[in-house]
Structures are given as C-alpha cells and as structure tokens.
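K.L.:
Sequence:
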Amino acid sequence: MAKITLAVSGSISAYKAADLTSQLTKAGHVVTVIMTKAATAFITPLTLQALSKNLVHTDIMLEENPASIKHIDLAKETDLFLVAPASANTIAKLAHGLADDMLSAVALAIPVGIPKLIAPAMNTNMYLNLSTQDNLEKLARYGYTEIKPREALLACGDFGTGALAEIDIILKTIKEIL
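Using UniProt numbering, the letters of the sequence shown map in sequence onto residues 1 to 178.
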C-alpha cells in the first residue's frame with residue numbers, strides 16, 4: 001500500500017481528518033499526518049497519532065534527529081500528498097511557494113511526479129473569491145488535483161459551496177490516483 005502524507009490545515013472540517021486517517025490506515029496505507037498550528041485548535045495531534053499509529057508533525061523547527069531534515073525526509077517518503085481540509089490561507093501559501101510551517105515546507109519539497117491532492121474547505125465567499133480561485137488555478141498548474149468542495153449549510157450559517165468533500169469522494173479519488 002501507499003505512504004500517504006495527510007496535511008491538515010485550520011478549518012472547522014479538520015475534525016473529519018480523524019475519519020479520513022482511520023479509513024486510510026484500515027485500508028493498509030501508512031499515513032503520516034502534518035498539521036498547521038490552526039488545525040490543532042480544531043483537533044488534537046494525539047487523536048490523529050492514535051489513528052495513524054505515527055507521529056504527527058506540527059513544528060518545522062522541531063528536529064529530533066540531527067542527521068536528517070524532517071520536512072525533506074517526509075517529502076521523500078511520500079507516495080501521495082493530500083491537503084484535507086485546505087484552508088484559504090494554506091491554499092495561498094502553497095500557490096505562492098511559501099514554506100513557513102511544516103505543511104507548506106513539506107509541500108514545497110514533494111518530488112516532481114508525486115500525486116498531490118487538495119480538498120478545500122471554507123466559507124463560500126472565501127472559496128469563490130477571485131484570489132482563492134486564482135490560487136487554485138496556480139496549484140492545478142503545479143500538479144495539484146482539486147477535490148471540489150460541496151454545497152451545504154456551512155458552520156458559519158451560510159449555505160453554499162465550501163464544505164469539505166465527502167470522505168468517500170476523497171477516498172475514491174485517492175484510490176483512482178493510486
């Protein structure tokens with residue numbers, strides 16, 4: 001099975017990363033989770049560590065082994081890179097090549113040819129904003145496949161496009177790519 005790096009960014013949908021991690025692990029994949037600081041406000045790293053049976057990486061400055069550079073090693077060990085949920089902030093960072101946290105640094109270090117998926121989750125207006133759409137178009141040019149958000153009643157109370165794609169859709173996309 002594949003080595004999947006699941007990158008979780010700050011969105012209310014971050015709690016769905018638990019189900020995604022669990023299902024991927026049960027399917028036989030090795031799941032390594034990376035979380036932004038904002039993601040840890042929605043779900044704890046310990047939850048995803050227990051489900052993945054692997055360390056969860058949250059701090060780019062934490063280097064446990066002086067003989068390696070963690071974000072480079074994680075990127076090299078990845079068969080598929082998935083950002084789910086992907087916040088507008090994380091999408092912007094990835095589109096502009098920023099590498100100021102573990103998620104964005106690993107993303108920038110992913111070798112050419114490794115499949116990269118991105119599953120946005122945010123308020124409708126944020127998703128439809130021209131900046132976000134432009135950033136998603138850039139990411140498509142950089143080799144990312146977008147797993148489109150769905151239309152739903154959002155946590156903010158608005159109804160519209162921006163809810164994280166159903167976990168089954170994300171899993172189906174992963175299976176098709178692998």
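Be careful, since some hints might not be right.
Claimed, not checked - 35 Å max Cα-Cα, derived DSBU-like pairs, lysine-lysine:
| id | residue 1 | residue 2 |
| --- | --- | --- |
| 1 | Lys76 | Lys3 |
| 2 | Lys37 | Lys76 |
| 3 | Lys172 | Lys138 |
| 4 | Lys172 | Lys148 |
| 5 | Lys116 | Lys70 |
Honestly, the hints are just simulated from the structure, not real lab data.
K.L.:
It remains to establish, for every hint, whether it holds in the given structure.
P.N.:
Evaluated hints:
Note on Lys76 and Lys3: the hinted pairing holds, with a Cα-Cα distance of about 10 Å set against a maximum of 35 Å. At most 35 Å may separate the alpha-carbon atoms for a hinted pair to count; Lys37 and Lys76 meet this at roughly 23 Å. Taking the CA atoms of Lys172 and Lys138, the gap is about 24 Å. The hint holds against a cut of 35 Å. A hinted pair counts as satisfied when its Cα atoms are at most 35 Å apart, and Lys172 with Lys148 qualifies at roughly 13 Å.
Distance restraint check for Lys116 and Lys70: the Cα-Cα separation of roughly 19 Å lies within the 35 Å cut-off, and the hinted pair is therefore satisfied.
This entry satisfies every hint, going by the numbered hints stated previously.
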